[in-house]
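One-letter residues, chain by chain:
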Amino acid sequence: MIMRLLVFQIFRNPVYVMLTMAIMIGYCVMLLFLDQFLFIQPYFVAYMPANAFGLLSIDLVLSVLTGFVVAVSIHEIKSNANRAGGAMRAGLIGVLAAAFAGACPCYYLVPILAAAGGFGGFLGLTGIFFSVYEIPIKIVSIIILLAAGYGLEKAARTKCTLT
Amino acid sequence: MKRVVNAGIIVLVLLVVVVGGTWYFLSGSMLNQASSFTASSTSDVAVLLSSGQAPFRGAMNASVTIVEFGDFQCPTCDAWYRTQEPLVLQNLIDTGRVRFEWRDFDFFGPDSISASEAAYAAGEQGKFWQFYDFLYSNQQTPNSGWSNSTHLQQFAEQLGLNMTQFDQSFQSGKYSTLINSNYELGKQLGVTATPTFFVIGADGRVVTIVGDQPYSVFETAVNSLTGS
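Line by line, the protein sequences give chains A and B. Residues 1 to 163, numbered by our numbering, are exactly what the first sequence covers, in order. Residues 1001 to 1228, numbered by our numbering, are exactly what the second sequence covers, in order.
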């Protein structure tokens, strides 16, 4: 069933396979670092706390979806000038959803934001909000990415129907 | 169509490799080796951290001091407290190798400051660490009111503190200078996240550990500073 999705056609081109993998791995490493599965100080450490299975799974799903949606959007923009607007929107939604999810683990950012904005300041409160509601926000981001992927698939099917 | 299916299979195989590899890598099956791990000789940090007062547990004359900058409302500090601190306590502090100091770095909001003030007030009755344990054991969502003045007074009561003495100290604001100076000290030392730990050797060499890192990192740091 999954194999029959038209958006998978971009993987006929190895460049897009590599692009997808690069975005996916790059984003995954960033999330793993921000969520403290990876540390680089005082030396490189990969560590998974016992209760972090859910968060790790969410990070991996987010990375896969981000790589896929962004790569398909780029393909659509490059290969179909007439429909570039729709693809651009889907790509933008994908990137924003990914950035939104990536902003969640404000573990490294909250103190900086709080220091910059002061107690009760907008920046500090925003950082704390993202930090506290990290998992629900990431789940929303996954839903948004799935919707963007669905939009791209729907657009690809419309294109096939018309031609 | 066949090519698409083949490409899909390749992508799925790659996904399985990436996801499986990540899982295997993080689950500890691969060793986190500190092959060329060395402590920095940032003795300024040690000098700065030796100033002022900070509650500590462990042997006064231990050869290594671990200073934690934390916030009682910080979920990451709580995660470290629950999973790694017992191991540090058991293997490094209780064995006399390490003295563990606490410095507040309160940025989550006014309730963080109240929590620190209450802990220091409890410290006047010799119960700082009991209060510290109590706060982390009962931590809830930041700024949800779990560490407001009313609840902190209830915590103090549950720990059997002399409430007249506690209230007097807690509400006097006498610890605001210490809390502010700890915050400024943290910023001066480059603390940008909690928990941040400075592991200081007898010779002033310092290892900085940021975040909810596993016990093995602390053990390696202590070993490198003591030459064991």
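Derived by calculation from the structure, the hints in this document are not laboratory data. Just so we're clear, the structure is a prediction, and the values are computed from it rather than from any experiment. Treat the hints with caution; some may be incorrect.
What the hints assert, rightly or not - Here are the computed distance ranges between Cβ atoms for each label pair: (1) A/18 to B/1060: 55 to 63 angstroms; (2) A/92 to B/1202: 53 to 61 angstroms; (3) A/40 to B/1140: 25 to 33 angstroms; (4) A/26 to B/1150: 43 to 51 angstroms.
Stated by the list, open to error - Which bits of chain A does chain B cover? Going by a derived footprint, with three or more residues having C-beta under 8 angstroms, they are: (5) 126–132; (6) 144–153.
Glycine is no exception: its CB is placed at the ideal position from the N, C-alpha and C atoms.
**OP:** Give me the numbers of the hints this structure contradicts, sorted from smallest to largest.
**Re:** 6
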